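Undergrad: Residue strings, one per chain:
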Amino acid sequence: MQRIQKIVLYYVSLTILYRLTYLFDLDEPWSTLRPYTPYLFILAFGAHLGVTLLYNVATTHDKPQAYVDLVNDIKEAQDALKAKGLVIEE
Amino acid sequence: MSKYSVLLPTYNEKRNLPIITYLIARTFEQANLTWEIVVIDDASPDGTQEVAKDLQKIYGEDKILLKPRSGKLGLGTAYIHGLNFATGDFVIIMDADFSHHPKYLPDFIKLQKEGNYDIVLGTRYAKDGGVYGWNLKRKLISRGANLLASTVLGTGVSDVTGSFRLYKKQVLETLMKEVTSKGYVFQMEMIARARQHEYTIGEVPIAFVDRLYGESKLGMDDIIGYLKGVLSLVFI
Chain A
0 MQRIQKIVLY YVSLTILYRL TYLFDLDEPW STLRPYTPYL FILAFGAHLG VTLLYNVATT
60 HDKPQAYVDL VNDIKEAQDA LKAKGLVIEE
Chain B
0 MSKYSVLLPT YNEKRNLPII TYLIARTFEQ ANLTWEIVVI DDASPDGTQE VAKDLQKIYG
60 EDKILLKPRS GKLGLGTAYI HGLNFATGDF VIIMDADFSH HPKYLPDFIK LQKEGNYDIV
120 LGTRYAKDGG VYGWNLKRKL ISRGANLLAS TVLGTGVSDV TGSFRLYKKQ VLETLMKEVT
180 SKGYVFQMEM IARARQHEYT IGEVPIAFVD RLYGESKLGM DDIIGYLKGV LSLVFI
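Top line first, the protein sequences correspond to chains A and B. The numbers in numbering that gives the first Met the number 0 rise by one with no breaks, and the one at position 36 of the first sequence is 35. The numbers in numbering that gives the first Met the number 0 rise by one with no breaks, and the one at position 178 of the second sequence is 177.
Same shape as in the complex, but just chain A (with noise of 0.2 Å):
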């Protein structure tokens, strides 16, 4: 199935989802939201989202070591290269 196939399976399943709850009486508050409940969907999918994102960078780890470890490869590489009549240019 296509990802857009998908993406409007969801779309269709949430709008049958949402006019389903106009067969029932809400009590307040819950009946004055209805009407904006896609928007408010909207508005929470946006925020889990960018809390994602703060979340995703904050946790990105840093690697220092693996720069030092690469240098020191290099390194070794380059000697042992030297060795058997390689010469790398700096």
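Since the hints were derived computationally from the structure, they do not count as laboratory data. No experiment lies behind these values; they were computed from the predicted model shown. Backbone N, C-alpha and C define an ideal beta-carbon position, used for all residues, glycine too. Take every hint as true, because none was put in to throw you off.
Pairs of lysine-lysine residues, derived as DSBU-like cross-links and limited to a Cα-Cα distance of at most 30 Å, are as follows: (1) 5(A) <-> 181(B); (2) 227(B) <-> 136(B); (3) 126(B) <-> 167(B); (4) 83(A) <-> 52(B); (5) 109(B) <-> 126(B); (6) 62(B) <-> 2(B); (7) 102(B) <-> 74(A); (8) 83(A) <-> 56(B); (9) 138(B) <-> 74(A); (10) 167(B) <-> 5(A); (11) 112(B) <-> 62(B); (12) 13(B) <-> 81(A); (13) 62(B) <-> 168(B); (14) 168(B) <-> 109(B); (15) 112(B) <-> 102(B); (16) 74(A) <-> 13(B); (17) 56(B) <-> 74(A); (18) 109(B) <-> 176(B); (19) 66(B) <-> 52(B); (20) 102(B) <-> 126(B); (21) 81(A) <-> 52(B); (22) 2(B) <-> 83(A); (23) 102(B) <-> 83(A).
To give an idea of the chain A side of the interface with chain B (calculated C-beta under 10 Å), a few residues: (24) 1; (25) 3; (26) 6; (27) 52; (28) 53; (29) 56; (30) 59; (31) 63; (32) 69; (33) 73; (34) 83; (35) 84; (36) 85; (37) 88.
Please arrange chain B on chain A, whose structure you already have, making use of the hints.
TA: Same frame as chain A, now just chain B:
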């Protein structure tokens, strides 16, 4: 015993190629694995092919396969070209600029064997994965791009744009026949199509060292191209 082919597309990698080759060879020899490197050079003017020939004398022509092309023809077609000559059961794609360290390859292989995964990818964003050389702005852009692609495409992997991956050879051949994108979007499309085929994907945390030499530049054109690319993948 399984054999591992590393595809290394190169353009002006005269300085990096011998070092990355040494590191790959060292890793495979220490792990007692059968390996080869397929160098796909796009007519580099800096003498990369001559260096590759020197490496063939050191490691043997059965270990270093030099398969040049007539010009800069793009990464996707480089992989297709290299696949034609790869004799391994598994194919590894990685960058030659030291951002991907070969020391993680045994972890890739071990995970693949444990779960019989069709694809194993290196992730910067999960478990103990990480980066060196990214400031806050770069992290924001990269994590944002990854979140956008993951959410829109529903790929279910933590690092959608990473290019350090191990594939079963047949899986890579199948995907390469279908993929049409370029650049960052190419790597995303590989994963999106892999999910459509219901290929299994494992993840290994890696440390990504960005741009050992020089600065990484990301312009507005790249960002817009990326957004267009994600949108196009919704319709595959």
